[in-house]
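Novice: Chains as they are written, first to last, in my numbering: chain A, 1 to 115; chain B, 1 to 114.
Think of the hints as simulated: they come from the structure by calculation, not from any bench.
Ideal Cβ placement from N, Cα and C applies to all residues, glycine included.
Where hints are given, some of them may not hold.
Estimated spans, in silico, between C-beta atoms of each pair [to be verified]: (1) B/Ser-68 / A/Lys-41: 23 to 31 Å; (2) A/Ser-20 / B/Gly-40: 30 to 38 Å; (3) B/Asn-38 / A/Met-27: 15 to 23 Å; (4) B/Pro-114 / A/Ala-39: 33 to 41 Å; (5) A/Lys-9 / B/Ser-68: 43 to 51 Å; (6) B/Arg-113 / A/Leu-54: 40 to 48 Å; (7) B/Gln-14 / A/Thr-5: 20 to 28 Å.
Lysine to aspartate or glutamate pairs mimicking EDC-like chemistry, simulated, CA-CA at most 16 Å apart [what the hints assert, rightly or not]: (8) A/Lys-41 / B/Asp-7; (9) B/Lys-70 / B/Glu-5; (10) A/Lys-41 / B/Glu-5; (11) B/Lys-101 / A/Glu-44.
Now for the letters of each chain:
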Amino acid sequence: DTEVTQTPKHLVMGMTNKKSLKCEQHMGHRAMYWYKQKAKKPPELMFVYSYEKLSINESVPSRFSPECPNSSLLNLHLHALQPEDSALYLCASSQALIALLYEQYFGPGTRLTVT
Amino acid sequence: SQQGEEDPQALSIQEGENATMNCSYKTSINNLQWYRQNSGRGLVHLILIRSNEREKHSGRLRVTLDTSKKSSSLLITASRAADTASYFCATAFSQTGANSKLTFGKGITLSVRP
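Isolated chain B, as found in the complex (with noise of 0.2 Å):
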């Protein structure tokens, strides 16, 4: 399986400090890509970042991609109490096309204290 593992599986931190959220897969990959999910609703795009990128930026969220350890990382800078959400990352891959999918990590749980 490719799907992703983030890492930790819950975080918990103070409005305006910095939250890091780790992702690891297995196998080959055509992007990665990281979804926020609050509490009962629809997941809502964040950042996708291909396997020729090695870092992007978004407002406050930095995302970097070392494929040789198979790896992501999503940093949220000057974190608020609306930051608080389960956070996904998501592997997409395919040869040709054919049969491409989106495969879900397990999430993190950011819990973000006023």
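Chain A on its own, in the form it takes in the complex (with noise of 0.2 Å):
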């Protein structure tokens, strides 16, 4: 299975209201990634975990939380976010983080909407 999963593929939600993104890999691999994308723009790392700790956080707004609860799942939790927030978050996973010498595996996204 070379899956990475995620879910919902699509969230519109206000402001005020909290919400999660979760992904799910089942190969075994040890660093997950959160990224986000623009239209028309490259993806933008957010946060990275290996061997479900956090490794890298890009100066990302506390309003996003990530949370590895084990080494198959990641979540974003969002709160309070902001219309500009609005965009492809994508979920990848790789083998592991060292040197970066593999490949990532990405989901095919949540398209969110805050408004």
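Both chains are sitting in their own frames, so use the hints and assemble them into the complex.
Specialist: Here you go:
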């Protein structure tokens, strides 16, 4: 199974809502990533988890809160978002983080709209 | 920044023709990767080429890497309409393994006309 799944596919939320994005992989990968992608732009790294520990936080605002409950799951908790946070949120995984010798497998993304 | 820069930004070709896309970067790398993204979807990994490699093939794809010029090219031979997508190069570098990350270029939009 070389699939990364993400739920939901689409999410519309108000600025006062709390919601969560979920990501799952069953490839035994030990590194997992959250990216944000605006239209016609490249993905921007947000967070990296390695062996279930937060390894990289790219100075992401605290209204985004990542969580890695176990080696297969990655969540992104959203609270008090702004309209400019509307984007495609991509989850990815790779075999390991060390020197990034490995390719990343991406999920289909969650299209988030903040109203 | 070691962000890759692809060239051209947009490419339109006829089905059956070859498509060549270039990527330049600024700093040392451990590897360079190419990804494809269909509109509004996730990215699909195409090829990873390590810094000590010069050329790799995968099916209709050929990637070259010239570390002296800090550049890479992706060649898609005998293009098909299904190759229509955005293509990104991404560079990976880490001296220690800690805080390793992938940095994506701006992307190339490839349109293959039937």
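Novice: Are the hints correct? Go through all of them and say.
Specialist: For each hint, the structure was consulted:
1. Roughly 30 Å separates the CB atoms of B/Ser-68 and A/Lys-41, a value that falls within the hinted 23 to 31 Å.
2. Between A/Ser-20 and B/Gly-40 the CB atoms are about 21 Å apart, so this pair departs from the stated range of 30 to 38 Å.
3. Roughly 21 Å separates the CB atoms of B/Asn-38 and A/Met-27, a value that falls within the hinted 15 to 23 Å.
4. Take B/Pro-114 and A/Ala-39: their Cβ atoms lie about 25 Å apart, and the range 33 to 41 Å is violated.
5. Between A/Lys-9 and B/Ser-68 the C-beta distance comes to about 44 Å, which sits within the given range of 43 to 51 Å.
6. Between B/Arg-113 and A/Leu-54 the beta carbon distance is about 46 Å. The supplied range of 40 to 48 Å therefore holds.
7. Judged by the Cβ atoms, the range 20 to 28 Å given for B/Gln-14 and A/Thr-5 is violated: they are separated by roughly 37 Å.
8. Our distance criterion of 16 Å between C-alpha atoms is met by A/Lys-41 and B/Asp-7, whose separation comes to about 15 Å.
9. With a CA separation close to 11 Å, the supplied pair B/Lys-70 and B/Glu-5 stays within the 16 Å bound.
10. With a C-alpha separation of about 12 Å, the suggested pair A/Lys-41 and B/Glu-5 falls inside the 16 Å cut-off, and the hint holds.
11. For the proposed pair B/Lys-101 and A/Glu-44, the alpha carbon gap of about 11 Å is at most 16 Å, so the pair holds.
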